[in-house]
Amino acid sequence: MPDLITHTAVAYLASRPRSFARYRAVFYLGTILPDLISRPLYIIKPELFVYAAAIHTPVFLIVSCLLLAELFAEKLRSGVRLFLLAGVGLHLCLDLLQRHVASGYFWLFPFSWQSFEVGLFWPETPLSLAPLWIGSVLLTEVIIRLRKLKVKSGSTPEPKAGFH
Amino acid sequence: MKFLPEESTNSLCTSWSPRRILTVFGLLILIVGLLWYGKAKNPTITLQMCLAAPQRYDGSLIEVGTEATVAQVIEDGFILRQMGKLVKVVGKANDLQVGEFVGLLAVFHRPGLLELKKIHVAKNRRTKIWVSVIPLVMVLLFCIRQYRVDFRQLGLTERNPCRT
Chain R
1 MPDLITHTAV
11 AYLASRPRSF
21 ARYRAVFYLG
31 TILPDLISRP
41 LYIIKPELFV
51 YAAAIHTPVF
61 LIVSCLLLAE
71 LFAEKLRSGV
81 RLFLLAGVGL
91 HLCLDLLQRH
101 VASGYFWLFP
111 FSWQSFEVGL
121 FWPETPLSLA
131 PLWIGSVLLT
141 EVIIRLRKLK
151 VKSGSTPEPK
161 AGFH
Chain C
1 MKFLPEESTN
11 SLCTSWSPRR
21 ILTVFGLLIL
31 IVGLLWYGKA
41 KNPTITLQMC
51 LAAPQRYDGS
61 LIEVGTEATV
71 AQVIEDGFIL
81 RQMGKLVKVV
91 GKANDLQVGE
101 FVGLLAVFHR
111 PGLLELKKIH
121 VAKNRRTKIW
131 VSVIPLVMVL
141 LFCIRQYRVD
151 FRQLGLTERN
161 PCRT
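Protein sequences, first through last, are from chains R and C. The opening position of the first sequence corresponds to residue 1 in my numbering, with each subsequent residue numbered one higher. The opening position of the second sequence corresponds to residue 1 in my numbering, with each subsequent residue numbered one higher.
Rather than coming from a laboratory, the hints here were simulated on the basis of the structure. Note that the Cβ used here is the ideal one computed from N, Cα and C, for glycine as well. Careful: at least some of the hints might be erroneous.
Listed below are the simulated BS3-like cross-link pairs for lysine-lysine, each with C-alpha atoms no more than 25 angstroms apart in a straight line [claimed, not checked]:
(1) C/K88 / R/K45
(2) C/K39 / R/K45
(3) C/K92 / C/K117
(4) C/K85 / C/K39
(5) C/K85 / C/K117
(6) C/K88 / C/K123
(7) C/K92 / C/K118
(8) C/K123 / C/K85
(9) C/K85 / R/K45
(10) R/K45 / C/K41
(11) C/K88 / C/K117
(12) C/K88 / C/K118
(13) C/K118 / C/K85
(14) C/K123 / C/K92
(15) C/K123 / R/K45
Which stretches of chain R does chain C cover? Using the computed rule of at least three CB atoms under 8 angstroms from a CB of chain C, they are [stated by the list, open to error]:
(16) 23-29
(17) 42-48
(18) 66-72
(19) 100-113
(20) 117-125
Model the full structure from these sequences, guided by the hints.
Here it is, written out as structure tokens:
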């Protein structure tokens with residue numbers, strides 16, 4: 001996995017469209033979900049790695065998203081489901097670009113134990129670019145706030161003649 | 001007369017329906033099934049399996065990557081530590097330092113020796129793990145800020161439903 005700063009920063013940049021506004025938090029949660037439920041397991045107890053191999057797979061994550069969405073109120077559920085899945089999808093897309101010394105993730109689990117990846121970078125490589133991701137997020141945030149300020153100042157009504 | 005807001009009246013009739021309970025139950029069973037299948041049918045030969053039955057796995061090509069670190073650098077290779085066990089790895093590996101995480105592809109020889117084929121030194125992996133805690137906490141706080149537990153529905157709802 002790339003580090004979660006990379007995953008979250010990419011999710012931040014991808015979730016700028018207005019349609020994400022209501023479910024942005026859920027989208028971010030989806031983006032970190034694959035590592036959130038698999039990594040602690042074997043970092044804390046490496047013997048449980050065999051389970052982690054199954055957890056970090058599309059099928060398992062889809063089931064987990066569906067389960068997580070059930071915890072939300074009915075009117076939110078379909079949106080939560082969609083944005084959780086979108087977040088997980090983004091996470092897996094980034095992971096697909098990685099390379100490993102041997103086999104990577106089992107994308108077709110439980111139907112196949114075949115593993116494949118694009119192999120552009122090692123899992124640790126994006127960490128060196130973390131300052132760049134943080135900078136991009138901050139810059140985007142500044143631009144958004146400046147735009148909002150501009151819109152606010154532009155929408156203030158002109159004082160009527162004779163009042164000053 | 002005090003009127004209940006629309007959201008509250010909705011919540012009265014959208015609690016845990018039998019369908020929702022069945023869905024959650026079904027998804028939980030699916031998760032347990034996938035975890036069991038992932039453990040039972042994983043074809044990966046691990047170092048721990050080799051050490052437990054050296055005769056059976058003698059000459060097998062194995063992947064070692066789960067929380068494996070360099071315990072000691074020696075003349076013809078290094079000593080690998082994984083899950084508390086130490087194994088000698090014979091082969092050329094440059095720039096190794098004690099405590100670093102490594103991933104490797106190696107041939108197992110009984111009683112407990114690895115012949116190195118391929119190695120990747122995961123530099124900064126420890127930093128990556130610790131750095132990843134920051135966005136994790138931020139995302140969880142963002143979720144807590146956006147959603148709250150509705151005890152009437154026994155589910156999560158928006159804190160500020162007016163937000164778009």
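Going down the list of hints, with the structure as the test:
1. C/K88 / R/K45: At roughly 23 angstroms apart (the allowed maximum being 25 angstroms), R/K45 and C/K88 satisfy the hint.
2. C/K39 / R/K45: Answer holds: C/K39 to R/K45 is near 15 angstroms, not above 25 angstroms.
3. C/K92 / C/K117: At roughly 9 angstroms apart (the allowed maximum being 25 angstroms), C/K117 and C/K92 satisfy the hint.
4. C/K85 / C/K39: 21 angstroms, holds
5. C/K85 / C/K117: 20 angstroms, holds
6. C/K88 / C/K123: Since the Cα atoms of C/K88 and C/K123 sit roughly 21 angstroms apart, the hinted pair holds (cutoff 25 angstroms).
7. C/K92 / C/K118: Given that 25 angstroms is the threshold and the Cα spacing comes to 9 angstroms, the pair holds.
8. C/K123 / C/K85: Distance of about 21 angstroms is within 25 angstroms: holds.
9. C/K85 / R/K45: Within the cut-off at roughly 14 angstroms; holds.
10. R/K45 / C/K41: Holds, because 20 angstroms separates the two Cα atoms, which is no more than 25 angstroms.
11. C/K88 / C/K117: 14 angstroms, holds
12. C/K88 / C/K118: Holds, because 15 angstroms separates the two Cα atoms, which is no more than 25 angstroms.
13. C/K118 / C/K85: Distance ~21 angstroms between C/K118 and C/K85 Cα, so the pair holds.
14. C/K123 / C/K92: Satisfied, since the Cα-Cα distance of roughly 17 angstroms is no more than 25 angstroms.
15. C/K123 / R/K45: Given pair C/K123, R/K45 holds - Cα atoms ~21 angstroms apart, limit 25 angstroms.
16. 23-29: holds (count 5)
17. 42-48: This one holds; 4 residues, not fewer than the three required, reach chain C with a Cβ under 8 angstroms.
18. 66-72: holds (count 5)
19. 100-113: holds (count 7)
20. 117-125: Holds, because 3 residues of the segment 117-125 of chain R bring their Cβ atoms closer than 8 angstroms to Cβ atoms of chain C.
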